[in-house]
Amino acid sequence: MSDTLLRIEDLHAGYGDFVAVDSASLEVKKGGIVALIGINGAGKTTLMNTVAGLHKPSSGKVYFKDEEITALSADRIVAKGLSLVPQGGRCFTRMSVQDNLLMGSFPKTARKNAKAMLARVYELFPDLEQMKQRPAGNLSGGQRQMVAIGRALMGSPECLIFDEISLGLSPVVINDIYRIIKRINKEENTSIILIEQDIRRALKTSDAFYVMLKGKVVLSGKSDEVDPETLKKAYFGI
Amino acid sequence: MAKRRLKGGNVRVLDSLPMLIICIALVSALYFVCLARIASNNSMRYMIQIFLYITMAEMWNLLSGFTGMTSLGQQLYIGLAGYSVAVATTKLHLTLGLGLGIGVAISVVVALVMSLLLYRMEGMYFSVATWVVAEIFEKLFLNWKYVGQGSGMTIRIVPYPRIHEICVVALTVCVFAVATVYLLLRTKVGLGLTAMRDDIGAASAVGVNVFNHKLLVYAIAAAFTAIAAGIFLVNKGIVYPESGFSISWTVSLIFIVIVGGSGTVGGPIVGSVIYVFLQEYLARFPGWSNIILGTITILTILFLPKGIVGTLQEKLGFEIFSAKRFSYAKHR
Numbered sequence: 001m002s003d004t005l006l007r008i009e010d011l012h013a014g015y016g017d018f019v020a021v022d023s024a025s026l027e028v029k030k031g032g033i034v035a036l037i038g039i040n041g042a043g044k045t046t047l048m049n050t051v052a053g054l055h056k057p058s059s060g061k062v063y064f065k066d067e068e069i070t071a072l073s074a075d076r077i078v079a080k081g082l083s084l085v086p087q088g089g090r091c092f093t094r095m096s097v098q099d100n101l102l103m104g105s106f107p108k109t110a111r112k113n114a115k116a117m118l119a120r121v122y123e124l125f126p127d128l129e130q131m132k133q134r135p136a137g138n139l140s141g142g143q144r145q146m147v148a149i150g151r152a153l154m155g156s157p158e159c160l161i162f163d164e165i166s167l168g169l170s171p172v173v174i175n176d177i178y179r180i181i182k183r184i185n186k187e188e189n190t191s192i193i194l195i196e197q198d199i200r201r202a203l204k205t206s207d208a209f210y211v212m213l214k215g216k217v218v219l220s221g222k223s224d225e226v227d228p229e230t231l232k233k234a235y236f237g238i
Numbered sequence: 239m240a241k242r243r244l245k246g247g248n249v250r251v252l253d254s255l256p257m258l259i260i261c262i263a264l265v266s267a268l269y270f271v272c273l274a275r276i277a278s279n280n281s282m283r284y285m286i287q288i289f290l291y292i293t294m295a296e297m298w299n300l301l302s303g304f305t306g307m308t309s310l311g312q313q314l315y316i317g318l319a320g321y322s323v324a325v326a327t328t329k330l331h332l333t334l335g336l337g338l339g340i341g342v343a344i345s346v347v348v349a350l351v352m353s354l355l356l357y358r359m360e361g362m363y364f365s366v367a368t369w370v371v372a373e374i375f376e377k378l379f380l381n382w383k384y385v386g387q388g389s390g391m392t393i394r395i396v397p398y399p400r401i402h403e404i405c406v407v408a409l410t411v412c413v414f415a416v417a418t419v420y421l422l423l424r425t426k427v428g429l430g431l432t433a434m435r436d437d438i439g440a441a442s443a444v445g446v447n448v449f450n451h452k453l454l455v456y457a458i459a460a461a462f463t464a465i466a467a468g469i470f471l472v473n474k475g476i477v478y479p480e481s482g483f484s485i486s487w488t489v490s491l492i493f494i495v496i497v498g499g500s501g502t503v504g505g506p507i508v509g510s511v512i513y514v515f516l517q518e519y520l521a522r523f524p525g526w527s528n529i530i531l532g533t534i535t536i537l538t539i540l541f542l543p544k545g546i547v548g549t550l551q552e553k554l555g556f557e558i559f560s561a562k563r564f565s566y567a568k569h570r
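Quick mapping for you: the protein sequence lines, in order, are chains A and B. Take 1 as the starting number for the first sequence in my numbering and just add one per residue. Take 239 as the starting number for the second sequence in my numbering and just add one per residue.
Derived by calculation from the structure, the hints in this document are not laboratory data. A virtual CB, placed ideally from N, CA and C, is assigned to each residue, including glycine. Don't take each hint at face value.
Listed below are the simulated SDA-like cross-link pairs for lysine to any residue, each with C-alpha atoms no more than 20 Å apart in a straight line [unchecked claim]:
no., chain 1, residue 1, chain 2, residue 2
1, A, Lys232, A, Leu213
2, A, Lys214, A, Glu225
3, B, Lys544, A, Ile238
4, A, Lys56, B, Met359
5, A, Lys80, A, Asn189
6, A, Lys112, B, Arg424
7, A, Lys80, B, Phe449
8, B, Lys544, B, Phe556
9, A, Lys80, B, Val448
10, A, Lys29, A, Leu167
11, B, Lys553, A, Asn138
12, A, Lys56, B, Gly439
13, A, Lys216, A, Ile238
14, A, Lys29, A, Lys80
15, A, Lys115, B, Lys426
Some, not all, of what chain A presents toward chain B, calculated at C-beta under 7 Å [claimed, not checked]:
no., residue
16, Ala71
17, Ala74
18, Ala79
19, Leu84
20, Pro86
21, Gly88
22, Arg90
23, Phe92
24, Arg94
25, Met103
26, Phe106
27, Val226
28, Glu229
29, Thr230
Derived contacts from chain B toward chain A, CB cut-off under 7 Å, selection only [unchecked claim]:
no., residue
30, Gly306
31, Ala433
32, Asp436
33, Ser442
34, Gly445
35, Val446
36, Asn447
37, Leu516
38, Glu518
39, Ala521
Based on the sequences and whatever the hints tell you, model everything.
Structure (structure tokens):
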């Protein structure tokens, strides 16, 4: 087995006639953190939703652990160990915090570990244990984001995708969440894909980066070797 | 501090032995009343209606209140079941039980075929589509000579079941329906359904097979609605297109579920009792009854959005039939 965990080859996806992702290729190494950056409408979310099985690609292939997952439904992809934390958290508002977390161990493969994982999630987010019986709809934006991360962790994923995790959160909360993301990466050896608008933070956190523009990957490389001028040009397409 | 945050819905009551005994005692008492013919024929008529409305309302509640599939077309299965029973017993001279069985089978098959179409739609589109399909079936039966076209069919069964027999069957169906909903919600499937109600996209993202869940619930709802409706129409003795496929069936179910409490297992039970008696009382004001029922529904949505049972659960802090499952048992 190679050390590549997730490989996207020449993926195309869109909505009707509109092409949102136009030939995107991407690679994530085992235990690596990849930043996916780009302006609004560049196709980042569509690309990742397609990878997670929430959106059907028009062509292209996705390999996870050297196994093709392109045509699989979302629930089977989750069961294989690839989870997505959707934009804005998206908690189950009328369920308690703990039920939200337990939803994360919904796939059969994850059920056995539910108890151990729950303890682990509460260790990472002590605040959530305090609020475990409250309906998730009563939480603040940052707390909901934590519930969503915890929920994704419950399935013991090997690869986690965070879709604009910092959207609408205060800098203090963002710092906390990034600290935990790094901890998850280190302690669980989980590969991570960050969709992010905050370029500086994304580069600081990640090992590799990809820049998307108008559905295409226009620049990629190692995060610590990036040239700011080239990045700026690729980002804005000038 | 943490204790004060504990609000309604945290204590499960049916799990406790006393509550289970009370429930069993209540059901046994109802069986006794029916079988020993203590109740008058008139009160048994009410009881039949209540039992059958509970069954249908529990199913509509399962679709809408728990799963987020607000069907406006449950009358499709009511009509299909009514006609199945009528044709089976009157034309083919089969027994009532067989007729009901055929009604359920036809309804489930239609539901499975329909779901191929309906699962592509969500929210409002789903609601309208279910209604349209029911209307199409109404027109179909309206023009079908074999089933009497517009004048419908009189149900003739020899010997015609007596009222206390119908009452026992209705009660049995009702108990099964409530038990099915309750047990279903407390399985892993129920957790998936509740998640779908809150956020279908996120449910899919954590690994819920949305299509299979929808299919299962839609088929269960069709089956129970069909059997309840079959008994209901046998009790009436006649079925015709406007009575079988009328939207007013679903409107009644909406009233029952909203007033009783959407998303609760107890809600449809309370709502059905209220509805049956209210309907009887409102019969004195012909033409006004629907306006009054509609007004009550709107007022309930405005002032008691959780319905009677939902509000009581919140105020008193317990649920008789709680859908919340393992999180409180295992990890307290």
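Hint check:
Pair hint Lys232/A plus Leu213/A holds up; C-alpha atoms about 12 Å apart against a cutoff of 20 Å. Only pairs whose Cα atoms come within 20 Å are accepted, and Lys214/A paired with Glu225/A is rejected, the gap being roughly 24 Å. Distance restraint check for Lys544/B and Ile238/A: the Cα-Cα separation of roughly 55 Å exceeds the 20 Å cut-off, and the hinted pair is therefore not satisfied. Distance restraint check for Lys56/A and Met359/B: the Cα-Cα separation of roughly 16 Å lies within the 20 Å cut-off, and the hinted pair is therefore satisfied.
For the hint linking Lys80/A to Asn189/A, the alpha-carbon distance of about 16 Å falls within 20 Å, and the restraint holds. With a CA separation close to 18 Å, the supplied pair Lys112/A and Arg424/B stays within the 20 Å bound. Simply put, Lys80/A and Phe449/B have alpha-carbon atoms about 19 Å apart, close enough for the 20 Å limit, and the pair holds. Only pairs whose Cα atoms come within 20 Å are accepted, and Lys544/B paired with Phe556/B is accepted, the gap being roughly 14 Å.
A threshold of 20 Å between alpha carbons decides the hint, and for Lys80/A with Val448/B the separation of about 17 Å falls inside it, so the pair holds. Proposed proximity of Lys29/A and Leu167/A is contradicted: the alpha carbons are some 26 Å apart, above 20 Å. Among the hinted pairs, Lys553/B with Asn138/A is consistent with the structure: their alpha-carbon atoms are about 18 Å apart, no more than 20 Å. With a CA separation close to 14 Å, the supplied pair Lys56/A and Gly439/B stays within the 20 Å bound.
With a CA separation close to 15 Å, the supplied pair Lys216/A and Ile238/A stays within the 20 Å bound. Restraint check: the Cα-Cα separation between Lys29/A and Lys80/A comes to about 16 Å, which is no more than 20 Å; the hinted pair holds. Under the criterion of a C-alpha separation no larger than 20 Å, the hint pairing Lys115/A with Lys426/B is consistent with the structure, at around 15 Å. For the restraint placing Ala71/A at the interface with chain B, the shortest Cβ-Cβ distance is roughly 15 Å, beyond the 7 Å limit, so the hint is violated.
The restraint placing Ala74/A at the interface with chain B holds, with a minimum CB-CB distance near 5 Å, inside the 7 Å limit. The interface hint given for Ala79/A is met, as the beta carbon of that residue sits about 6 Å from the closest beta carbon of chain B, less than 7 Å. The interface hint given for Leu84/A is met, as the beta carbon of that residue sits about 5 Å from the closest beta carbon of chain B, less than 7 Å. Nearest Cβ of chain B to the Cβ of Pro86/A: about 6 Å, under the 7 Å cut. The hint holds.
Residue-level restraint check for Gly88/A is violated (minimum Cβ-Cβ distance to chain B is 10 Å; threshold 7 Å). With a cut of 7 Å, the hint placing Arg90/A at the interface with chain B holds, because the nearest CB-to-CB distance is about 4 Å. Against a cut-off of 7 Å between C-beta atoms, the interface hint on Phe92/A holds, since the closest Cβ of chain B lies about 4 Å away. With a least beta-carbon distance of about 5 Å to chain B, the hint placing Arg94/A at the interface is held under the 7 Å criterion.
Below 7 Å, beta-carbon pairs count as interface contacts, and Met103/A has one with chain B at about 5 Å; its hint therefore holds. Given the 7 Å rule on beta carbons, the hint for Phe106/A holds: about 5 Å separates it from the nearest Cβ of chain B. Because the closest C-beta pair between Val226/A and chain B is about 31 Å apart, greater than 7 Å, the hint is violated. Against a cut-off of 7 Å between C-beta atoms, the interface hint on Glu229/A is violated, since the closest Cβ of chain B lies about 37 Å away.
Because the beta carbon of Thr230/A sits about 34 Å from the nearest beta carbon in chain B, more than 7 Å, this interface hint is broken. Because the smallest distance between the Cβ of Gly306/B and any Cβ of chain A comes to about 11 Å, over 7 Å, the interface hint for this residue is violated. Satisfaction of the interface hint for Ala433/B is found here, the shortest Cβ-Cβ separation to chain A being roughly 5 Å, below the 7 Å cut-off. At about 4 Å, the closest approach between the beta carbon of Asp436/B and any beta carbon in chain A falls short of 7 Å, and the interface hint on this residue holds.
With a cut of 7 Å, the hint placing Ser442/B at the interface with chain A holds, because the nearest CB-to-CB distance is about 5 Å. The interface hint given for Gly445/B is met, as the beta carbon of that residue sits about 4 Å from the closest beta carbon of chain A, less than 7 Å. A distance limit of 7 Å between C-beta atoms decides the matter here; for Val446/B the minimum to chain A is near 6 Å, and the interface restraint holds. Interface hint at Asn447/B: satisfied, since its Cβ lies 4 Å from the closest Cβ of chain A, which is below the 7 Å cut-off.
The restraint placing Leu516/B at the interface with chain A is violated, with a minimum CB-CB distance near 29 Å, outside the 7 Å limit. With 7 Å as the threshold, the beta carbon of Glu518/B stays out of range of chain A, its nearest partner Cβ sitting at about 35 Å, so the hint is violated. Hint on Ala521/B is violated. Least Cβ distance to chain A is approximately 37 Å, over the 7 Å limit.
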